[in-house]
Amino acid sequence: MPPLPPALLDELLEEVFLRLPPDEPDHLVRASSVCKLWRRLIAGRGFRRRYLKFHGAPPVLGLLHNGGRTFPSGARFVPTSASRSRPADHVLPDWIRRNVKEISGLLVWDPVTGDRRHVPSPNMSFTLGFGAAVLCAAQGCDHCSCHRGPFNVALVAIGQGREITACLYSSETGTWSQLASIQHPHDYPYCCAKHMRSVLVGDALYFIGMKDQIIEYRPGTLRLSLFDLLPKGRAMIFGKLMMAEDGGLGFAKPDGATLTLWSRKTSPNGAVGWAQRLVINLETLLPPGALLVPSEPCMAGVFGFVEGTQVIFVGTSARVYMVELESGQVRKVLDQGYHGTVVFPYTSFPAMGAARTGQGQ
1 MPPLPPALLD
11 ELLEEVFLRL
21 PPDEPDHLVR
31 ASSVCKLWRR
41 LIAGRGFRRR
51 YLKFHGAPPV
61 LGLLHNGGRT
71 FPSGARFVPT
81 SASRSRPADH
91 VLPDWIRRNV
101 KEISGLLVWD
111 PVTGDRRHVP
121 SPNMSFTLGF
131 GAAVLCAAQG
141 CDHCSCHRGP
151 FNVALVAIGQ
161 GREITACLYS
171 SETGTWSQLA
181 SIQHPHDYPY
191 CCAKHMRSVL
201 VGDALYFIGM
211 KDQIIEYRPG
221 TLRLSLFDLL
231 PKGRAMIFGK
241 LMMAEDGGLG
251 FAKPDGATLT
261 LWSRKTSPNG
271 AVGWAQRLVI
281 NLETLLPPGA
291 LLVPSEPCMA
301 GVFGFVEGTQ
311 VIFVGTSARV
321 YMVELESGQV
331 RKVLDQGYHG
341 TVVFPYTSFP
351 AMGAARTGQG
361 Q
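Heads up: the sequence shown begins at 1 in full-length UniProt numbering, then just goes up one per residue.
Hints should not be assumed to be uniformly reliable.
Listed next, the in silico DSS-like pairs over lysine-lysine satisfying Cα-Cα at most 30 Å (straight line) [unchecked claim]:
#, residue 1, residue 2
1, Lys36, Lys53
2, Lys332, Lys53
3, Lys53, Lys265
Simulated from the structure, these hints should not be mistaken for lab results.
Model the full structure from these sequences, guided by the hints.
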């Protein structure tokens with residue numbers, strides 16, 4: 001049998017490499033060290049593009065969460081990957097519990113590399129609450145494993161009275177941008193959370209920080225605005241903004257044993273509003289008895305989501321579950337409930353970064 005043509009051999013090898021587990025970088029690192037040909041294929045931009053397209057969103061490597069009643073002092077990073085190269089279990093003291101009036105700076109932390117960057121606090125009021133988001137600032141980055149590169153921090157805060165402010169920090173210049181400021185339409189905006197979670201949709205960040213209102217901040221233009229959150233009521237406390245199935249802005253609203261998914265739509269005449277997309281019965285989705293906790297009401301909350309996916313974290317008064325909305329798969333990730341718990345999933349393609357540097361074995 002004649003040997004395979006080089007192009008066909010390369011293609012077959014790439015098909016094998018594509019199917020190595022994305023959350024276990026050891027496999028790609030070992031493959032890239034076998035010979036120069038394999039290393040050239042794995043390190044090539046063409047393979048990176050195929051790898052990202054094949055696997056879609058990066059895997060969840062761990063969860064950063066405050067412990068609610070069971071872990072009151074600070075935050076903990078809990079790894080969820082079985083790889084030996086996974087980020088280690090780690091504790092960050094005095095995270096979510098700190099009084100927002102006394103913030104002297106922010107900490108940008110990479111669980112994979114362990115790098116910590118202290119960011120000075122801008123001159124703005126945090127009296128009622130704040131939200132922050134870290135954005136990659138590297139030109140041409142595919143965001144599959146952003147480590148040690150330039151970054152921006154977008155910060156939105158609610159002060160006393162009716163003022164909402166926002167600004168953008170650049171790690172390259174070490175400075176904050178000019179403050180953007182708007183006035184809330186109500187005399188005293190009610191802040192439902194001291195620490196507001198954001199979602200990035202397109203070129204805009206969205207935060208829920210006050211009663212029935214969503215804050216929109218565009219880092220590219222430093223523009224700040226408000227619009228209504230139409231699914232009102234209890235959802236303000238236990239609901240979460242997320243990316244909708246069509247890539248637009250979505251919202252997950254819990255109500256007892258049901259979870260309703262909404263998406264923000266634009267009608268043919270240009271009117272913008274919320275449309276109900278899906279109603280999920282949590283009693284059939286979650287494990288049997290998950291909502292039946294003694295001395296607790298039958299209710300659930302949405303604690304977090306995975307950026308760019310249909311994966312959310314649903315919590316009861318006793319546990320937190322990772323839910324894949326498209327497949328219906330459910331996995332328990334934390335043995336604690338919604339009493340003060342906040343979940344931030346950490347996602348990355350460590351295999352890509354490790355294969356380029358030869359680390360991870």
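Verification of the hints:
1. Lys36 x Lys53: At roughly 24 Å apart (the allowed maximum being 30 Å), lysine 53 and lysine 36 satisfy the hint.
2. Lys332 x Lys53: holds (28 Å)
3. Lys53 x Lys265: The hint holds at about 27 Å.
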